[in-house]
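Visitor: Okay, here's what each chain looks like letter by letter:
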Amino acid sequence: MYRISENLALIQTVDFFTPIVDDPYRFGQIAAANALSDVYAMGGTPKTAMNLVAFPASTMDLSILRKIIEGGADKLQEAEVVLIGGHTIEDKEIKYGLSVTGVVHPDRVLAKKNLRPGDRLILTKPIGTGVINTAVKADMVSAHLAEEVSLLMAALNRDGARIMADFDVSACTDVTGFGLLGHLAEMVSGSGCSARINSARVPVIPGAEEFAAMGLIPAGAYNNWEFRKQMVIFDQAVPRMVKDLLFDPQTSGGLLISVCDSHCQDLAAALKGGGVASADVIGEIVDNRQEIISVV
Amino acid sequence: MKEIDGRGLACPAPVLQTREALQDGSPNEVRVVVDNPSAQQNVLRFLESQGFQVVLERVGNDYGVIGRRGAGSSVTPVSVAEPLATDGKIMVMCTTDRIGSGDDVLGSKLMVSFMHTLKEMGAALWRIVLVNNGVKLTVDGSEVLEELKRYEAAGCKILVCGTCLNHFDILDQKRVGETTNMLDIVCTMQLADKVITL
Numbered sequence: 001m002y003r004i005s006e007n008l009a010l011i012q013t014v015d016f017f018t019p020i021v022d023d024p025y026r027f028g029q030i031a032a033a034n035a036l037s038d039v040y041a042m043g044g045t046p047k048t049a050m051n052l053v054a055f056p057a058s059t060m061d062l063s064i065l066r067k068i069i070e071g072g073a074d075k076l077q078e079a080e081v082v083l084i085g086g087h088t089i090e091d092k093e094i095k096y097g098l099s100v101t102g103v104v105h106p107d108r109v110l111a112k113k114n115l116r117p118g119d120r121l122i123l124t125k126p127i128g129t130g131v132i133n134t135a136v137k138a139d140m141v142s143a144h145l146a147e148e149v150s151l152l153m154a155a156l157n158r159d160g161a162r163i164m165a166d167f168d169v170s171a172c173t174d175v176t177g178f179g180l181l182g183h184l185a186e187m188v189s190g191s192g193c194s195a196r197i198n199s200a201r202v203p204v205i206p207g208a209e210e211f212a213a214m215g216l217i218p219a220g221a222y223n224n225w226e227f228r229k230q231m232v233i234f235d236q237a238v239p240r241m242v243k244d245l246l247f248d249p250q251t252s253g254g255l256l257i258s259v260c261d262s263h264c265q266d267l268a269a270a271l272k273g274g275g276v277a278s279a280d281v282i283g284e285i286v287d288n289r290q291e292i293i294s295v296v
Numbered sequence: 001m002k003e004i005d006g007r008g009l010a011c012p013a014p015v016l017q018t019r020e021a022l023q024d025g026s027p028n029e030v031r032v033v034v035d036n037p038s039a040q041q042n043v044l045r046f047l048e049s050q051g052f053q054v055v056l057e058r059v060g061n062d063y064g065v066i067g068r069r070g071a072g073s074s075v076t077p078v079s080v081a082e083p084l085a086t087d088g089k090i091m092v093m094c095t096t097d098r099i100g101s102g103d104d105v106l107g108s109k110l111m112v113s114f115m116h117t118l119k120e121m122g123a124a125l126w127r128i129v130l131v132n133n134g135v136k137l138t139v140d141g142s143e144v145l146e147e148l149k150r151y152e153a154a155g156c157k158i159l160v161c162g163t164c165l166n167h168f169d170i171l172d173q174k175r176v177g178e179t180t181n182m183l184d185i186v187c188t189m190q191l192a193d194k195v196i197t198l
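Residue numbers (UniProt numbering), protein chains in the order written: chain W, 1 to 296; chain P, 1 to 198.
Honestly, I wouldn't trust all of these hints.
Straight-line distance between alpha carbons at most 20 angstroms, and here's what the computed EDC-like set of lysine to aspartate or glutamate pairs gives [stated by the list, open to error]:
no., chain 1, residue 1, chain 2, residue 2
1, W, Lys229, P, Asp140
2, W, Lys229, P, Glu152
3, W, Lys229, P, Asp193
4, W, Lys229, P, Asp172
5, W, Lys229, P, Asp169
6, W, Lys243, P, Glu178
Source of the hints: derived by calculation from the structure; they are not laboratory data.
No experiment lies behind these values; they were computed from the predicted model shown.
If we strip away everything but chain P, and leave its shape as in the complex, we get (with noise of 0.2 angstroms):
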């Protein structure tokens, strides 16, 4: 794997230094490493115009980009933008903010650990749609927030109605996830080979 180191460099220079190691012998792995957010981002969109699967990783204070090329590589190509699912595609369509009626507290506790037990759908987990009550599960005090954003870091999808958000005026409120429309909720259901409804 080809390693660069593009920290404390100003954009454009880390892509510009990325397309260099590229011409460079047209490595087949590379890992970038850049000091903030944005040239991460530009890292990533680089990497992807070239035919690279890519993920993005945190290194303490830093951001590492790692880039696999496609098609005819040895090794598995994972994407943030389109996790590869070998087993299908899962959509989690989630309603409410607790599993099951019956006991108010119980049912908090189990999405908790509902929550925490979805990774074991492995890359097969798609996307989670949240709506109705679902929606309050994004919000500061939320007890499966960090879950939420470690899901959206690895890959899947974190969508969350508007609507919703706005109808609980918690719009401003949301901490993870895309803000998104019934357009999109049906569009991703349309592509789901597998939709699990709570």
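Chain W on its own, in the form it takes in the complex (with noise of 0.2 angstroms):
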């Protein structure tokens, strides 16, 4: 972020992955999607972006390019979001993202470790877009639940994002790779506050659950899960495919926010009311300055 003036500051970001999808034309959108979720988890509009390509156009037919940089063209101009130009070499494999330029107001960043003991924790996507993608390339998914999944990485976190600054939240962030231990452990790390999740609650993708209780797991769900199992401790009563799904890698997962505990009814009600169907209440912050995450 940088303060332009005192009402005005900037925030931009980069992303940009390997497809995850055969659809040309959705990876694009879901690319563009994960790109903007960082902007709307600051707290910002996003106004501005640009293409990063790498592309065999060698070997490869150039309308499969066409269709993945018409996707992401057509989810910007959904976020009313100003394509100004980007940047293509030639690689041996398909990677696109975007660069994105948002603005917000100095005062209403919001940051990932702002926590408050007493808040509520809301999550607003379900997880386990990992473990459908990595049963996909199993070829164990249904055509209809591939398509839903894919819909649900490529929808915008637009209107999450404009229905919570209505609403007393300290801090927010986007769930992607780390999975969403591993980026509530984030928003925990450094805040002197710990969190408790209800694995219950969180919104789990229909399906995920015995596709992980199969073996069906990302590589990433282990590392994160190894990366911070210091920081979490989980009830002896949380069955193992839970504890994969809570590690399991997001792809334009959805947001994680902390909001004031009088506001979160009002703030879930208001999220289903537009559109965020999934939203749901999934855990509390905690005054215990051990910076830990208790997963009961």
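Mind docking these for me? Both chains are given alone in their own frames, and the hints should help you get the complex.
Guide: As structure tokens, then:
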């Protein structure tokens, strides 16, 4: 973030990755939604974007590249963001993403670690995209579920961000590659607070539990768990597949919002009423300086 | 025993390969070798979901998973998650990093000897719970760290008190076991057939 004047600050983010779905147009949409999320999570409004593209032009049909960029451009249009340029290089593997610039009032920036004891945690999208995408690679997911999950990944976090701006929100982050608990650990670490998660309340994509129980889990989930295992204490009753899902790396996941207890139910209701149907209260911030996450 | 070589394959391929092998003749025993710990964990989960009892092993630089069909199998099932304890489940609750009071140097030596000899309990050794000074046995420099890692690898769960680790400010130095809480410890006591406290 960069403060330009007393009432204007710039937010700049960048994110890109390799294809996670087969359809190039949808991949472009997902990459754009994912790149925009950072700005939304910080309480900002994205304004402009630039494409970052790596493409094997010598071996692959250029129409694929066109569809990817078209998907990204359409998503930007939906978000009312202007595409002002970009850069493409030749590479063996396709990569696409965007650098996004947004604006925010300097007093309204949402930090990750500004947690307050007593706050409640709300998550706006169900988890499990990593497991589902692994099951897709294993050819075990119905076309219907695969489509549903790719739409979920392509969904902007704009509505969630717009709605939370009217409530007493202390901190927010978007859930991506580190998984739900990995990103919560980022918020908790250095905050002087701890968090408690009610795993039964965490929204999960239908079918993801079954695939997780079968071992269709991306390696990233294990790495995420390994990285944060000192901070996370699981109750014995939490099933292994749920633990796996809580660390499952997400693509273009939801917002994880820390909101004042007295605003919590109203925010949850406003989100549900405002098109963020999966939003749910999944835990709370507790007054414990050990900076741990307990999961029941 | 059916042997499956899943080395050089990225997830989810080793799970699919194992699945195919099970569909082909439904063997009672399988051994899957993979080249990374994530694939090993995934194959473990898959085999358990198919009703196998599973043990994990290290094979040089590779990772093995041995699965045996539970019910109706002539082989004694062994599981990492829940070792089959023929003579009851023993929980060892260790509240200290030394055995006895008197001479501290002697007490430390006795602890090394105790942890080394504990394996004589065999499969009945079910949980080792470390609280208070006991949690210091799990950090770098502990003389029984390797011993504890061996118990863990063999399927004995090691539970380490999180409050105690925090109290001594060594949470990030713990090298073995799962960080736990009092509720876990009390549940473990309740489920154990025998609790031995040091």
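Visitor: Now tell me if each hint is right for this structure.
Guide: Going through the hints against the structure:
1. Lys229/W - Asp140/P: holds, 17 angstroms
2. Lys229/W - Glu152/P: Holds. Lys229/W to Glu152/P sits at ~16 angstroms (cutoff 20 angstroms).
3. Lys229/W - Asp193/P: With Cα atoms ~29 angstroms apart, Lys229/W and Asp193/P exceed 20 angstroms; violated.
4. Lys229/W - Asp172/P: holds, 10 angstroms
5. Lys229/W - Asp169/P: holds, 16 angstroms
6. Lys243/W - Glu178/P: Between Lys243/W and Glu178/P the Cα gap is close to 13 angstroms, so the pair holds against 20 angstroms.
Hint 3 from the earlier list is the only one contradicted by this structure; the remaining hints agree with it.
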